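**Student:** Chains as they are written, first to last, in my numbering: chain A, 1 to 265; chain B, 266 to 424; chain C, 425 to 1209.
Don't read these hints as lab results, they were simulated from the structure.
Keep in mind that the hints are not guaranteed to be accurate.
In silico SDA-like cross-links for lysine to any residue, where the CA-CA straight-line distance does not exceed 25 Å [claimed, not checked]:
1) Lys1022(C) x Asp1012(C)
2) Lys877(C) x Gly230(A)
3) Lys877(C) x Ala250(A)
4) Lys489(C) x Gln290(B)
5) Lys877(C) x Ala227(A)
As the structure is a prediction and not an experimental result, all values here were calculated from the model.
Take a look at the letters that make up each chain.
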Amino acid sequence: MHNFTYHAANSVADAAAKVADGEDAVLMAGGMTLLPTLKQRLAQPSDIIDLAGVAGLSGIRVEGGTVTVGAMTTHDTVANSSEVAAAIPALAAVAGHIGDPQVRNRGTIGGSIANNDPAADYPAALVGLGATVCTNRREIAAGDFFTSMFETALDEGEIVTSVRFPAPETAAYMKFPNPASRYAIVGVFVARTTGGSVRVAVTGAAGCVYRETAMETALEGDFSPAALDGMTASADDLNEDIHASAEYRAHLVGVMARRAVAACG
Amino acid sequence: MPTVSMNVNGEAVSGEVEARTLLVQFLREQLRLTGTHVGCDTSQCGACVVHVNGVSAKSCTMLAVQCADAEVTTIEGLADGDDLHPMQEAFRDNHGLQCGFCTPGMIMSALDLARRNSTPSEQEVRDWLEGNICRCTGYHNIVKSIMAGARAMAAVRGG
Amino acid sequence: MPKDGIGASVKRKEDYRFITGQGAYTDDIDRPGQSYAVFVRSPHAHARIASVNTAAATAMPGVVKILTGADYAADGLGGLPCGWQVTGKDGPMVEPAHPPLVADCVRHVGDQVAVVIANSAAEARDAAEAVVVDYQPLPATASIETAMAAGAPQVHDEAPGNLCYDWEIGDKADVDAVFAGAHHVTRIELVNNRLVPNAIEPRAAIAEYDRATREYTLYTTSQNPHVIRLLMGAFVLQLPEHRLRVVAPDVGGGFGSKIFHYAEEAVLTWAAAKVARPIKWTAERSESFVTDAHGRDHVTIAELALDVDGKFLGLKVDTKANMGAYLSTFAPCVPTYLYATLLAGQYTTPKIWCGVQAVFTHTVPVDAYRGAGRPEATFVIERIVETAAREMGLDPAELRRRNFVPSDAFPYQTPVALVYDSGDYEGTLAAALAAADYDGFAARQAEAEARGKLRGIGLSAYIEACGIAPSAVAGSLGARAGLYECGEVRVHPTGSVTFFTGAHSHGQGHETTFAQIIAERLGVDIDAVEVVHGDTAKIPFGMGTYGSRSLAVGGSALSRALDKIETKAKRIAAHLMEASETDIEFSDGQFTVAGTDKSVGFGDVALTAYVPHNYPIEELEPGLDETAFYDPANFTFPAGCHVCEVEVDPETGRVEIVNFAASDDFGNVINPMIVEGQVHGGIVQGVGQALLEGCVYGEDGQLATGSYMDYTMPRADDVPSFAVSTRTTPCPHNPLGVKGCGEAGAIAAPAAVMNAVHHALGSRGVSRIDMPATPVRVWRALNAA
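Looking at chain A on its own, in the form it has when it is part of the complex:
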């Protein structure tokens, strides 16, 4: 990789200031995407601001029906949290299937969502659960946060501090992984709130996480796999690569959605 200047930030404000100071500075959380990108020389930042030493960004808090996950909380911590497992088991399951164990030991929720890889798992969980992203400046609804491939609503110097998840009545995530990279070819997160509203969030299939509204409507009428019989996504605008055609992805959205509903029990 190209060389850069490394800074260990000691507070969110410090990190924000250092980003502003750098010519082309980037933030690093777990580094699980940033470092591979730099190793391939696909990016050449002037400065890297490491958030690892910033106090208060890690940890899980469950209050009432809300789970709050600090931005620097690792996937492994979320996956193995008994509090998360009790409140939103599907969230722990999502975290437990991101990458491999070593990625989960270092990768963080904040880093993952700020990167917004179109095949990452967390975006589906955030959108499916109707989560709120908290930053050093504001709160952003998950539906507004993920804007397009590798793009988010974060402004320059804006830093994710935590993510707030309302506990659903039931939820489940089903992923069909790319056999090589193990990212999602299609991942579908289905959640139903106590009020009966349903969200079906899809990752991997398109350029950015999105919701299958027709499926949501069908499931609000009848929350059973059968309600989705014959339903697939539209293949228009879905991703196409050597591992999966758009048609195959469209089909898999239906299959994974039905399986997720079945897993909701």
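Position chains B and C against the provided structure of chain A, taking the given hints into account.
**Tutor:** Below, chains B and C without anything else, positioned relative to chain A:
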């Protein structure tokens, strides 16, 4: 150039590195701990797995400067003199290695599983090894080794 | 018999250094004053080089020297040689120049244009990015189909139509006549998918030159250091052997890809004298994908003629093979002599014809990869036999039985040149079927169907020709080298033993297996034996390790050297015990005189050989050190049967292997634990080919599967554990009775898996699915059917 200090295999070490120096480069090139290997450039093969502050990590996907003041354990730090660690012993007893190149990463990864689960099932071991690629063994004997090694570690602790 | 002798599952002697992180792989070695090389490689599949400007790069920090294709050409050195000449119907193959650094025209993505040498690897990489190459891109062709089409872009001017050779074996008219009278003809088309070997240790090299002694040393990740010394010294750089040492230290897997002489080895050795410093190069994995020789890449049409009882009457096979952009070291023999000669399989098919057209494309060279030709042959035979059985409504196991070479028919002359030495194909079939519970399949299939899964079972009764090779035979077929092996047994004065072998271990466990043979034969403790390999300065000569040859050929050389040791030691013992040589018996490390209680130990004899105070010095030289070169009398023919059972999820197309059983005949087995490990690893490479791995090039010659993000390496959760066992018919023509086990799994498994997949999908009307049977392909096939 930044200076980085850390504890590697129980010894305090420090060295001058570039900001871009990876942990694996620091270990191999400066400390000459060449048991930790590099088999890919996309953070997937796991030949470089070490422990940082007690948990397994890919040393090809960490900067040396990120490990300031960290406790790092490599394959060279497992055996106690001539006494092999039970997981090392299990790999030898079960023919869990052939060319040996992926082996240090496999063993270091396996230890993180054994720490969490002293009686992993075959499926649990196979799932855990998502981040470790072996081209020689077909995994059959690696899985056997890890199941045996985890149980042997528990027996040592229990005894 | 000593406890660590032949037949014991001895724990490996080499393991201690690997499990403690003390292996010494090439990249682990640092030489004093070492510099680092990074290659500038073509991003284009085909382009003319208008200019190379190194001025800015040369001025960058840490740069020692930059050398280009023009520099190499100016020194008048050779290109990378091809070690095997195939002669086709129209004469010898086309053999284009293969420059280690390209000056005028690049022919595949990754072709090397310049080398940057700097004080650190990072500085070399930074400077390599600053080398400005003006490429004029030209049209490219990446696939067999497009390369053979009229008007295709030409890879080499001297190969019109991109044809390297058009070769055949058998009498086509004769075979056609058989087909005319057949009761049934089965026809299949198939693709043997292109694979990337992917040993987990990337290739690496360190070259150095000593001005005082004028000696060159090359450390390299090689399966055969003597072959590299011969090829590089004699043909490329014109360096005499006595001033060129090649060391292949611990090597992290090869699978064929580290047999060949690569450009980087020659360029580094050449450059080391220019910079007068050691130079290290280590491939990054993405670099390995575009520089390591790939494997397979065939397109084949095959037809099998059967009579009313299902007896095979004739086989016709038409194969196109992709050579890539240049001929790698052994490439031409892979789709001919290592492929077409195996097309009889385990069967008595009386008439066989095979035509092979080898073509150049703008892709990485293709050469031997685990099995090399034999997996391709097995895939053709076992797919067509299975298909014929289904078409004729016969049990595939029964159809095989009807056509097996019977176990009393050996030696058996096939119609495609080979003479099989021994085997028991009924035996391995029966054992594999029992291990797989073949008879219980119908019940398991019904149970799976109730869960919405499609279940299938598939067989693969394979044969391979190993123990490569009788030199005279290989020479008559175009090999430019002998294929014997060399071993030197050095008994030390105190009775410990060092064995120097020309074979090379890169995972096979030779340090243990060879030591077991020595322990058995000499009655010494296995810990008193050291096996040395991989260094041309230590070992007299060697042809290396590939083609499951190490034990069959290298082990036989060891056995012959031990014969010489024993003969000499008996003469010494006879002298010590004042007995006639003919009365001396040797077992368990003791020499005895028949009919007496006199004895002397092996250690005493060894000491006497080196301290010859009481010694037949007039008749016998002191010392106990013997070398043997062994040239095999024939190939060996490991064979067996693998059975795979799969479940397909019809909704997603995902194939899961639910059971895999194998019964193999490797002749005598020295270390069962190591043999089983070899089979496990081979099976997973075969499963990888069948379900996961496929090298994809775009039509522009860009590699779409250039990293593990897109090239699917088998992982632990992709496969189950395996039920493997062996049955033995000893090889009758080598001293150990061994056949070789390294490639069996990779040869057998693809057909077993794909037969199971076709069986599972057959009920849904799917008749053809190509490897790798990825979820999207299976899903598409189910929807198209």
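**Student:** Are the hints correct? Go through all of them and say.
**Tutor:** The hints, checked one at a time:
Distance check on the hinted pair: Lys1022(C) and Asp1012(C) sit about 15 Å apart at the alpha-carbon level, within 25 Å; holds. In summary, the hint linking Lys877(C) to Gly230(A) is supported, as the alpha carbons are separated by about 19 Å, within the 25 Å threshold. A hinted pair counts as satisfied when its Cα atoms are at most 25 Å apart, and Lys877(C) with Ala250(A) qualifies at roughly 21 Å. Under the criterion of a C-alpha separation no larger than 25 Å, the hint pairing Lys489(C) with Gln290(B) is consistent with the structure, at around 24 Å.
For the given pair, Lys877(C) sits about 22 Å from Ala227(A) by alpha-carbon distance, which is consistent with the 25 Å threshold.
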